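**Student:** Here is what each chain is made of, one letter per residue.
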Amino acid sequence: MNEELDSQLSAMFDDELAPAECELLARRLSRDESLKARWGRYAIVGAVIRAERGVRLNAPLAGRVNAVLLAEPALAARTAPRDRRYARLRWWQPLAGAAVAAGVATVSILWLRTQAPLGGTTLVAHVPAQANVASPGASGQGDSYVVPRPKPAAALVPSTELANYVVAHSMFSNPVARGNLLSAFMTSEAPASGTEEPQSDVKALAH
Amino acid sequence: MSADASDLSLVRRVQRGDKGAFDALVLKYQHKLVKLVMRYVRNPAEAEDIAQEAFIKAYRALPQFRGDSAFYTWLYRIAINTAKNAVVSRDRSPVEYDLDRNNNDESYDMQGRMKDSETPEGLVLTDEIRSTVNAAIDALPEDLRTAIVLRELEGLSYEEIAAAMDCPVGTVRSRIFRAREAIDRRLREVFEGGLGRAEELG
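These protein sequences, in sequence, are chains A and B.
Residues in the first sequence are numbered from 1 upward in steps of one, following our numbering.
Residues in the second sequence are numbered from 1 upward in steps of one, following our numbering.
Think of the hints as simulated: they come from the structure by calculation, not from any bench.
Small disclaimer: the values here were computed from a predicted structure and weren't measured.
Keep in mind that a hint or two might mislead.
As a list, the in silico BS3-like pairs of lysine-lysine whose alpha-carbon atoms are at most 30 Å apart [what the hints assert, rightly or not]:
| hint | chain 1 | residue 1 | chain 2 | residue 2 |
| --- | --- | --- | --- | --- |
| 1 | B | K57 | B | K84 |
| 2 | B | K19 | B | K35 |
| 3 | B | K57 | B | K32 |
| 4 | B | K32 | B | K84 |
| 5 | A | K36 | B | K19 |
| 6 | B | K35 | B | K57 |
| 7 | B | K19 | B | K57 |
| 8 | B | K32 | A | K36 |
| 9 | B | K19 | B | K32 |
| 10 | B | K35 | B | K84 |
| 11 | A | K36 | B | K57 |
| 12 | A | K36 | B | K35 |
With the hints as extra help, turn the sequences into a complete structure.
**Tutor:** Here is the structure:
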């Protein structure tokens with residue numbers, strides 16, 4: 001017999017074993033008859049030390065209880081019908097969850113559409129005139145970023161502002177996320193034809 | 001360390017349908033429960049019957065046990081109620097004496113008379129088990145004997161024993177385990193070798 005296992009059994013008998021270890025040992029104890037017999041003898045040792053007179057130490061009480069319980073259904077089997085009833089009632093719960101999630105998503109999309117500017121006239125971009133070109137080597141303070149010129153008529157002004165914001169804070173963001181965000185913005189703001197001359201509106205935003 | 005974790009882990013297994021785990025609980029508490037019931041009935045055999053009934057009631061009620069109290073506290077209440085009901089139904093009055101006063105000669109004599117109802121072989125084996133365990137305890141080194149007695153007789157936790165013996169908790173755990181192993185070695189020989197083995201072992 002493994003001494004460490006027996007030591008754990010002794011500690012478990014005294015309720016001095018960590019719960020996680022108890023779980024594992026309880027499983028083994030319920031199946032291993034020799035371990036169970038040792039467990040029973042530990043109880044006898046305690047009874048003798050406490051001088052429990054009048055108590056038969058060889059009493060076949062555990063065997064008698066076991067014999068009666070053999071005819072009983074296991075507790076899990078006894079509670080199973082109730083569980084099955086609940087299981088029948090529970091089938092719609094994932095569907096309800098999905099429906100609620102879809103509803104929330106729909107409402108969010110509708111709300112965002114109502115918040116979007118119509119025709120680009122409600123918001124005006126304030127792009128500093130002096131920040132047109134930055135020579136990458138001049139400042140020597142970091143990378144330069146290219147921001148496309150806003151379209152004069154139906155410019156996506158809010159997204160340009162957003163792009164500026166993202167670029168301005170790019171030093172503090174994760175490089176991977178930064179790359180993804182920037183590329184997403186570049187793509188979204190590229191002209192439909194894809195032939196437009198590269199920006200004349202270049203801004204040095206390196207901090 | 002959470003109190004009652006070992007009982008609770010066994011209880012959870014029973015609740016999941018593992019009857020073998022209930023065996024372990026019966027083995028652990030059968031002597032305590034019989035001793036408890038004997039405060040209400042005179043006859044040890046009758047006390048065993050009542051304890052058996054209490055265990056079966058507990059098993060059937062286990063789905064309702066949520067672990068708010070310790071398992072033994074819960075079992076204790078079931079046993080007390082079962083014993084009281086048995087006494088009422090048989091129109092007997094409870095025995096009013098404290099089993100903890102075992103050193104009292106009068107109490108011991110009373111126990112001796114009660115044993116007459118037992119089978120002779122069972123009584124001899126019980127006495128043999130007692131003498132074997134007591135001899136094994138006497139043969140233990142002082143530190144092991146102190147640790148096991150503080151645990152079993154005084155019911156101290158490992159931490160309390162460590163404080164009392166001025167040693168780490170791990171040492172207490174080891175001492176109690178080694179004490180149990182030494183006693184168990186002798187006890188196992190009695191169970192496997194049959195009656196009279198204790199005398200041979202000396």
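**Student:** Hints first: check each against the structure and report whether it holds.
**Tutor:** Hints, one by one, checked against the model:
no.	hint	result
1	B:K57 - B:K84	holds (14 Å)
2	B:K19 - B:K35	holds (24 Å)
3	B:K57 - B:K32	holds (17 Å)
4	B:K32 - B:K84	holds (17 Å)
5	A:K36 - B:K19	holds (13 Å)
6	B:K35 - B:K57	holds (18 Å)
7	B:K19 - B:K57	holds (14 Å)
8	B:K32 - A:K36	holds (18 Å)
9	B:K19 - B:K32	holds (21 Å)
10	B:K35 - B:K84	holds (14 Å)
11	A:K36 - B:K57	holds (22 Å)
12	A:K36 - B:K35	holds (22 Å)
Of the numbered hints stated above, none is contradicted by the structure.
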